[in-house]
Structure formats: structure tokens, C-alpha cells
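Guided by the hints, dock chains B, C and D with the ligands onto chain A, whose structure is given.
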Amino acid sequence: MAQALNRALRDALAADPDVHLLGEDIGTLGGVFRVTDGLAAEFGPERCADTPLAEAGILGAATGMAMYGLRPVVEMQFDAFGYPAFEQLVSHVAKMRNRTRGALPLPLTVRVPYGGGIGGVEHHGDSSEAYYMATPGLHVVTPATVADAYGLLRQAIATDDPVVFLEPKRLYWSRDDTVELPATVEPFGRAVLRREGADATLVTYGPAVPVCLAAADAAREAGWDLGVLDLRTLVPFDDATVCAEVRRTGRAVVVHEASGFAGPGAEIAARVTERCFHHLAAPVLRVTGHDIPYPPPMLERHHLPDVDRVLSAVARLQWEDQV
Amino acid sequence: MAQALNRALRDALAADPDVHLLGEDIGTLGGVFRVTDGLAAEFGPERCADTPLAEAGILGAATGMAMYGLRPVVEMQFDAFGYPAFEQLVSHVAKMRNRTRGALPLPLTVRVPYGGGIGGVEHHGDSSEAYYMATPGLHVVTPATVADAYGLLRQAIATDDPVVFLEPKRLYWSRDDTVELPATVEPFGRAVLRREGADATLVTYGPAVPVCLAAADAAREAGWDLGVLDLRTLVPFDDATVCAEVRRTGRAVVVHEASGFAGPGAEIAARVTERCFHHLAAPVLRVTGHDIPYPPPMLERHHLPDVDRVLSAVARLQWEDQV
Amino acid sequence: MTIVEQPAATRALLPEPEPHRVLGTGAAPDARLWPELYRLLVRGRRLNEQATALTRQGRLAVYPSSTGQEACQIAAALALEPRDWLFPSYRDTLAVITRGVPPAAALGLLRGDWHTGYDPREHRVAPLCTPLATQLPHATGLAHAARLRGDDVVALALVGDGGTSEGDFHEALNFAAVWRAPVVFLVQNNRYAISVPLAAQTAAPSLAHKAVGYGMPGRLVDGNDAPAVLTVLREAVAHARSGGGPTLVEALTYRIDAHTNADDATRYRPPEEVAAWRERDPLTLLARDLRAHGLLTDETERAARADADTLAAALRAALNTDPALDPLDLFAHVYATPTPQLREQRDAR
Amino acid sequence: MTIVEQPAATRALLPEPEPHRVLGTGAAPDARLWPELYRLLVRGRRLNEQATALTRQGRLAVYPSSTGQEACQIAAALALEPRDWLFPSYRDTLAVITRGVPPAAALGLLRGDWHTGYDPREHRVAPLCTPLATQLPHATGLAHAARLRGDDVVALALVGDGGTSEGDFHEALNFAAVWRAPVVFLVQNNRYAISVPLAAQTAAPSLAHKAVGYGMPGRLVDGNDAPAVLTVLREAVAHARSGGGPTLVEALTYRIDAHTNADDATRYRPPEEVAAWRERDPLTLLARDLRAHGLLTDETERAARADADTLAAALRAALNTDPALDPLDLFAHVYATPTPQLREQRDAR
Ligand SMILES: Cc1ncc(C[n+]2csc(CCOP(=O)(O)OP(=O)(O)O)c2C)c(N)n1
Ligand SMILES: Cc1ncc(C[n+]2csc(CCOP(=O)(O)OP(=O)(O)O)c2C)c(N)n1
Ligand SMILES: [Mg+2]
Ligand SMILES: [Mg+2]
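Heads up: the protein sequence lines correspond to chains A, B, C and D, in order.
Numbering-wise, this note's numbering puts 190 at position 190 of the first sequence, and it's gapless, one number per residue.
Numbering-wise, this note's numbering puts 127 at position 127 of the second sequence, and it's gapless, one number per residue.
Numbering-wise, this note's numbering puts 194 at position 194 of the third sequence, and it's gapless, one number per residue.
Numbering-wise, this note's numbering puts 69 at position 69 of the fourth sequence, and it's gapless, one number per residue.
Simulated from the structure, these hints should not be mistaken for lab results.
As the structure is a computational prediction, the values presented were derived from the model and not from experiment.
Idealized CB from N, CA, C, for every residue including glycine.
Misleading hints may appear alongside valid ones.
To be verified - Heads up, incomplete: computed chain D residues facing chain A, CB under 8 angstroms, no partners named:
| hint | residue |
| --- | --- |
| 1 | Val-62 |
| 2 | Leu-132 |
| 3 | Leu-325 |
Said to hold, decoys possible - Stretches of chain B that chain C covers, calculated by requiring three or more beta carbons in the stretch to come under 8 angstroms of a beta carbon on chain C:
| hint | region |
| --- | --- |
| 4 | 29–38 |
| 5 | 48–54 |
| 6 | 74–85 |
| 7 | 121–133 |
| 8 | 295–308 |
Isolated chain A (complex conformation) (with noise of 0.2 angstroms):
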């Protein structure tokens, strides 16, 4: 997926001389994922900029150049070091369309690599997606596949609106040899059935939609027949798929890695649930990280969702119990 990654930007910057990358170790070194390797040889130190140490001074910064007319892309180099800028964020970057009536649109797009799997250490691995979705004024989106890291990313350079583009850490070594890029690029707010299935529909999105898929293929031992619905885009929130599924099937769970309460599947479940009641056979169950501050690597691995904790929860779905 960084490979993908990498060429979306190519690419953007290829395209228009308004695209700039800022962040720390993006330039020289090609960030400490890579993911803009190359780009400051090919394109100069300024297109693809190394900036002093301080992301709220990244952030405000790419603000005041989106104001000019520029399309920075800001990379923040872990999840938890975005916080920093969380004030600039979302008592600007967000709010800056709305507060001048149009006239001052930020075309800005934030890097986020997210979530964990990837053995680092404390504040190297959070989920932050909660607290962006909880901003109004943002697009939230999050690539599962490698096709998608390319498509979603050139959509969100394009898009004149401040996106958080989530980067799944443990996917960026993900590879698919059936996508030739560039590949397509994809329009915000459409969820993809990754899997079809009759019996009951897993709604994820980032890095656990491998662990959806995985979970669903262990199902049909167990006699479930899952579809896997990836979310791609959690702003804005592709209702009428996600719920024309859910509709068909009548069960759902939801699954992702943040923490679980008032976490990203609260709102899915919640909306699900307000337009599919008498739909559902069963309440939409989540299976989530813990709400514990992210483990340490050692233990990562009882955090996160797995498939013995999707297919248990598929299990509480009420399958003797229906109304």
C-alpha cells in the first residue's frame, strides 16, 4: 500500500504545481514509512518539504498556504503526534469554509498513519479516528486495499475541502498484483461489498478489513455466510449501501480497532439501527478495541479484533431468537 501511496502523490504533484508535501522526514529520508520516497529528488525540496518539528506550526502553516491557493498535503508522522495540531485542526482547518461563507475553502489534506499491529511502542499506535469524525467539516477517509490507497488519495488531493486521509499502518506492507496503478480514483462516500453473504454483514473499514474477510471465510465452517462491507470513506457515510445490506441480511456487526466506546462504531451502529430496526434480526453488535489506552506491543495483540472475537460476536447475533 505505500507503494500506492507514494505514486498518489506522484502523481498529484505531477499533475498540479499547486500540490505540497510538508511534514517531518518526508523529504530526504522519504518519510520514516516511505511513503514519500523519491519525491523530493524528483520534484525539489520544496515540493516535497522537510519542516521543524512541530505539527500545529505543519498544520497552521499548510492552513495559511491553502488560504494562498496552494493544496498542501500535510503528512503527521504517527497518529498520536497529530494531537498537536488538534486545535488547528478543528478551530480552523475544519471551520474555515464555514466561518467566510465559501469564500476561503482549504484544500488540505492531513496524513494520517493510523492504528497498530506493528509492534510500536506507546503513542504509536492510536486509532484517532473518533475524534475527527466528531468534527463537523471534515472528510474522514481510510483505504483498505491498495487500489484504494491510490484512488481515495488522488480523490482526496482533489477534493477543495480539508480531508484526514487514515493511513492503516500494518497495511502499508500490503501488496495486490492485480491492480496496475495509477488505479481508479474513487469518488468519497461509496461503500464496498468486499464479500457478499447472506446470513449476517460485517461493517469495517482500514485495517480490519482483512480481519473481516479472514473472519468470514472461517465462518463458512461454522456455517455463517458473512458479507464484508468496507466503509472507505467515514465522511462522509455511505448510508444507503451500508444499510441496503444490512436491510437484506438483518444482522450486522460492526468492527474496527479504535476503542469501542464512543468510538467510530457507535455512530454506525446508532444509524444503522435508527433506519434498519425493523429490519434487524439482532441488535448491531460491535467488536472493537478495548477502552484501555493503546498496549504495549507485547500485548497488542489481546486489543485488537481478531477473528475468534468477530465470530463470537456473529455467534451472539440471536440466531435461535428471532422476532
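Below, chains B, C and D with the ligands alone, put in the same frame as chain A:
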């Protein structure tokens, strides 16, 4: 309510020499809402200290003070001005006990005046509780009554863990002559039924409690007998009381001022549904602020939940269409 | 391993021990500029008074007056070319107006019908900024962007003494210096952040001394001396324009009114202090020199006041009509295209 | 209106143009201290090597080596009394160990069985801090708290050159100066923040120059000269202890290894540069002076190495056993008393 808070702070300062207040303008001025009025004069400028103007510095310094064993109580002047301290809050305050296996607890209270309805300009009306709820390690508390303002703040300061104490700005001027101060100290995690009702339950907290009480009054005319449940603490959440009540009535509407999408109500609706599914005659609905940046003063009443919006949600609780 | 640049070079970054002054020094007046400055000061003072009065009448939600700081406000606007950008803080309505934004539009935020009452791109004035110091990195970024595009554009950003304590101040100045961005930072040191006095804000010899820590020049100026502020800002803007990079200017001034109409300043500062600063009123200081040189007569003075009254009356009239409000606007500008969720919420109204 | 303090007072806050040095200057050695410093440097180097090796063997998740910076690490720990507090950044395992935390415990974060491997209160060492510069306000707050309680406690906080760009650096130093808190800030300027060189981090004459902007003294020291670093830090600690307030110390050093084992430093810095700094290895510099004064013999050298090898072997042994892990610990320390929600999640496992 401001007076009850003031009294709680005063009593806490008097009871424990380790309690120290820090914030912008809380000393000589007594705070922009006068919640700390007179405390610097009574306890000296070191117990009720004006700081330089820097919220991360305030919360970070308070963290260090708590590491040494003091019990700091920090004031963020307005909700949106707590955002600069977000990294300190999420990456340190919420995690310090956990990362040290309990060796370094942080008995720290962060007072945040929150919400709108007072005609404040931009950045003075945010409801930021969703961010705090989604951060494991924090207690999130918000009083709706004069008695709770006292009782919950005393409990917050007495708690050996960090508490985000959200003060509904528009209730600062509320009075209750039936309450004698000092009121009882209230334990966390207990919702209170402010009004009994047989037909449906309004689940709410903070500034929306009076709105719900008014809605329940008005509902009488429409023939609905509505209960009003005040959550008081969002973390920990009182599942037992909330579920008992919703199971009894079979219908619930969650009401709050924060934006709806991925807001506090999402968690409330999702968990109530998970736990009470077969008792529900209709999906749990939400009446919330819109998914927009907080509006300018002249338009805020179109954003804030009011009696009409609550009643129209109640009307959509599928009264005809019972399961 | 010689690490520190020549001490001489470092010294050049440090502010002079005394603030730059023009008035009362016997300096020859600029016979075209100074009377114009005076006219603008009178106008500015009048607008401050008018806005405060409108607040009492409920026509503004709140007004943070810049009475006493008009020299800084006017000079900040005049130091810039039309193609340059101004980044005001929430107290800087006057600078915004002096830059050409219609008064009623400049007061939009404080009136409360919308967050920003003007088109920032049209006027090259960023929205009045409430979260302190957060506009400073924007100024740095915009100036940097202009330079990347090869445009001759300078940004000037305003911040208060209190705002210098925020992390964003630090980060903005550091980025600006590293990038050599064409940006000027003007601190209006009015000695208070609401109730908190300067001594509780910083232990530095002066706020301008912070400049050396970023490797940019720091300059001190008497903020109540309009020609002095303008001179120093023009030098800083010229320095930026010529590729010399950013400057930090500290203007020493005083907030004569309370923090806003909602504040009670008697709680935290003695009347003698206010009285002493009234003696140093920027209008008085300039008028004294102008009169000494025969550049201000009772007649020109009257004309200035009449001009100011006209503007104030227009402002009054504009704000005394209720603004046209459409609640559906709440949903119109959140995104270029509303999300399906927002459309649903809008349609449900 | 004289604003700026005496220029002389300001000058006292500025760092000397050349970093303080002891080694190679002909200064008389401290015959008790220097050999001990050398022993600790050798031990520190050995631990850096051992930890790096353990990382290759998968026994640590990651290791940010302080090879080349051992003089700073050792001096930071030695400058403090047991009752004082140390606030390390993520690279400062050696300082933590020198302060008395058992090596395996100090490496807990990087081993990955828990976030902090020791009890901060027991050792008066804050957790190794990953979010850069965020530990600095903690140090300020703790030092301030100690003073409020009337305790004789100084805090010493470590930060990198990159970390000085963060807003938290600014806010921590400003609070410390305003409060005159007994805290010392030591910047280990190793010339890189991962791949970003100092010139892209700051345009200041030196990082120590930032001190004057807070009104505290800034001091420059050769960070590879162990006696010099210790001298300067001890002075700063004594100054803090006696009520003089905070000091900012910049130690000029170099990170010889890559940023961590996961980094490829050849991507961003030339081998000649590394080679030049190897010439200034803190061990070599100290050994040279010691030998010149007959304070280091082949025998004492061997003894130092043997001692270091013993410690390394113990560390190896400690880390080669798998730690006892209990997944239920994940729920045990989130709050003093788990919430009902957490109890439910724990019980569902
Ligand atoms: C980030 C942030 N914190 C707090 C506030 C609340 N507040 C508004 S004005 C003010 C004082 C500002 O002082 P200063 O920077 O000196 O500007 P002045 O008011 O004197 O013009 C404060 C604390 C704010 N607007 N933004
Ligand atoms: C707030 C924050 N942003 C980014 C990072 C990622 N990061 C870890 S180390 C590092 C470089 C630190 O450089 P410096 O402060 O000079 O310390 P050094 O590594 O040289 O010891 C970066 C960018 C972080 N840990 N915290
Ligand atoms: Mg001020
Ligand atoms: Mg470094």
C-alpha cells in the same frame, strides 16, 4: 450554578492543602464566569493562580504538579480553548496511571465551561465531550443542577484519576433556592431520573436537561408521559439505571447539544439498543446539534435542541407501529 | 567548532534598549503623512466608541475595544500594500477597517450574524481570529506560499502580549525564520491579557527579545507613537519584501478600556495606571507635535471629527437594521457539496 | 518609559560565544571524579551496543541509541541529588540507568511488555517520554509543586534539538521562568531530528539563545566533554536550588548511530560527517586527558570494560527471558477502580 461551583472549590481548597487551582484569569479577576471569585483573596495567589496564557502549558504543568502529589484543578477558559492542551490530555493525562501500572496516578480535574446558548461568538460555544468520552482513562462529568454542580465537583477533586468536568455555560446563572450548600458529594456513575414517565425516556445530560424537562411538560398536552434521565457522568456510564428505565418504557430519545454524528448520543443509543433490543418498540432516536460548526450567536437557536425538536422525535417513536 | 555566529550578528537581532520614538523627539514631521495619520486615529477612536455604544444597545454581541491602541491599528494597515495580507487577532477590527473592509462587515463576527463578515481574499485580510496566536502560523504559511509562487506579497500578523505565550507563537516564528518567509509579527503589548499583567506573562527583558531565539531581528517601538510604529513596520515589511525574512516587532501600548464590554477592569488594575496612560494617548501625542509644527488647526481637527462622526453614523445605521438571516445558511458552507447527512438535516428543518 | 532591563542584565542571559570546555584545555583533572565519569561512559557505551544487539535479536521492539551522547546522559544523572527528579525523553535510557533504575526496567518501554518499566516515584524519574517536548511542562510543574511544598527538589528535563521546535518547549520554559521554578532544561543538540538537520530546525544563532526570550540564562557546552557538561549542569542545578530559577543548557553533541535500529542514516548524512564526530568521541576525549595525567592505565581501562561487560551480560540475561505477561493487566490500571464498562470487557475475555 456558578456559586455552587465556587463553593465547591472553596471547600476543596479549605479541606486539602494539596488542592491548587490554575488557569487564565482565575486569580484577581475570579474567572471570566466568576467561578473562582474571591478564592485568590482567601487562599492566596499560589492556591488560585493566574498562569501565562498557554493551555498546553497549564495542563502540562498541572500534570507535573499531580506527579508530585498535588491535586491541581485546572480551568480552561472556554471549551475550544482546551484544544491546545489536547495532546497533554490524551497522551499524558489520560494515560499516566496506566503507563506506570498505577505507580503515578494523576488526581487532576480539568474544568471546561462548555456548550452554547449564551450568545458567544465563534469558538465560544463548542460541545467537546465526544472527544473526551472517546479517550480511555478520563472521567467525563457534567452537572445539570446546582446541587450536582457542588456534589460532582467535590467528587471530581477527590477522585484519584483525571476528571474532565464540563460546566454547562448557559446554566452558570441558574439558581435553585431549595438547595443548601454544601450539598451532598455525589459518586460518579449514577444517572438520576429527574422526572418519571411511563411512555418514553428522554436520556440527556448537562445543558439539555432543562430542555428535556420543558419538553416533558409540553408533552403532557400531546398525551405523552415522558421520563427524563440525567446521566451526570458520561464516563463511567450508568448502564444499569439507563437500561432499567428504557426497558420499562420501551422507547427512548437521546438529547444533547453536541453535534450528532459520532457524538455522545451515538454511544448512548448504540449501547442502550445492544442491551435493551427486545424491549424497544422503536429505535432509539437522537435530537442533537446539527453536524455543523457551532453557529454565530444570531443563529444558535436553530442549532440547539429545543422542545419542538424533542417532541417531534418523540412523535416518531412509532406509536402506532408497535412490535 | 565555532558554534555561535559572530556576537555582532547576534547583537543585531536584539532590540534596542529603548523603544523607537518619533513624536516629542524634535524629528521633522512628514507634512503629508502625519495629518493623515491623525485623521485615521480620530476616526479609529470614534469607531471604538461607537462600537462600544452599539454593544450597550445590544447591536453587537461583544466588543473588544482598541481604544489607546489606535496607533498600532492604523500603522499595521498602512504599512502594507494592497496585495499584501493582514492577519488580525480578535481585537483588531480597526486595522481591518483601515485596510478597507467596510466597518459593518469588519464587525460581522462581533455582531454575530456570521463568523466573518467579509471576503478574506477580496481584502487580503484573514478572518478576525479568536483562538489566540493560531493565526500566526497561517501568516507564515501564506507568506511562504506567496514566495513559492514568486509573488511579491508580505504578510503582517497581529498578536497580543498574552498570545506570545502560546505554542503557536513559537512555532509560527520558528517556521518563518527557517523559511525566511516574508512575514512581520506585530505584538501589541498592551500590558494585560484580560486581567493578567505582563509580569505574570513573561520574565523576558522584553517580548522583542524572543526574536533572537528564532534568529530574526526583534524591534521595540512606542506603540502610542503612530509615526514611530509606522516607520518600524514599514522597515520590517521592506526587509521582508526584499527577501530578508521575518521580523518581530513589539509595540508598547495600553488598553484603555476594559478587555471587552463584559469585563470589569477595575478588578485588576489601579485607576492611576489608566490615568497615566491616558496622558500618553496616541491622539494627544500626535496632536501635540502636529500643533507644534502648525500642521493641525482647530479647523482640521474639526474636519477630522466630522469625518469620523459621519463614518460612525453610517456604522450605526448599518448595525441598527436587523441583518437578513437564513437558518439554512448553517448547512450551506460546511463543505463545497453538503454530505448526504447534512442534506438530510437541512431538509428536516 | 524605560522598558528593557539593563543591557548588561540581558547580556548575562545570552550564552557565551564558544561552548564551555574542560577537556583539552589544560584544566587540572578531578582525580576522583574523572575516572568515575570514564567508567560510566564505558558502561554507557557498552549498554548502547548491547541494547542495539538485543534489538537485532528481537528482544527489544526498537532502540534509539545514545552512542556519542553518553557524556550528556551520564552528566544529566550525576548532576542531580537523589531527591531531585529527572524527566527523560525517549532516547535517554542511559541517563535513567545512571540514575539507578535497573537496566532491564529502564528498557521496559522499548522491550514492549509495558509502557514504563519502573516506578517513577521510587526513582524520581518520569516515564521515558515519546511525544516530543511534552515532558518539559511536567518538569516545570513538578519543580513548581516542590517549591510550593517547601521541598528542596530540582527537576532536570532532557529534550532534543528537534524537540525545541514544539510549542510545549516554549510553554514549559515560559512557565518555568515566570514561576522561577527550580528546573533545568538540557537540550542535547545532536544536530539531527531523525533526518532533519539543525539548519532546517532553527535559524537561531544557537538553541541556547532561546533562553533570553524567557528571561532565563542560556548556556552552551561541549556535549562530548563529560566534565564540562557536568560542570555546567551542576551550576545550573545549584542556581535552581538556590532560588535563582531555570536555566537552558544546550549541549553540542552528535548521534553516532542511526536514529533507531529501524532508521537508515546513510540516506541523509555523509559518512565524513560521522567520521569527524567519531574523532570527538566523548570516551576518547576523556581518555586522552586522563592518560595525559596518568589517571587511566591499561589496567583501569580493562577494569572499566570488564565492569561494563558484566552489566551487559546481566542485561542480556534479563531480556533473554520472556517477560511474564498477563493480558488482564490491560484493564487493571486504566482507573483506580475499573469502570463497570471495563469490568465487563475484562470479564468477557
Ligand atoms: C487559545 C485561547 N485561549 C484563551 C482565550 C481567551 N481569551 C480571549 S482574549 C484573552 C486575553 C488575550 O490577551 P492578549 O494576547 O494580551 O491580547 P489583548 O486582549 O490584550 O489584546 C484570553 C485569555 C482565547 N481566545 N484563545
Ligand atoms: C510530538 C512528536 N512528533 C513527532 C514525533 C516522531 N519523532 C520521534 S523522534 C523524532 C526526532 C526527534 O529529534 P530530536 O528532538 O532532535 O531528538 P533526537 O532524536 O535527536 O534525540 C521524531 C520526529 C514524536 N515522537 N513526537
Ligand atoms: Mg494584551
Ligand atoms: Mg536531535
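Output the indices of the hints that this structure fails to meet, ascending. Those not satisfied: there are none.
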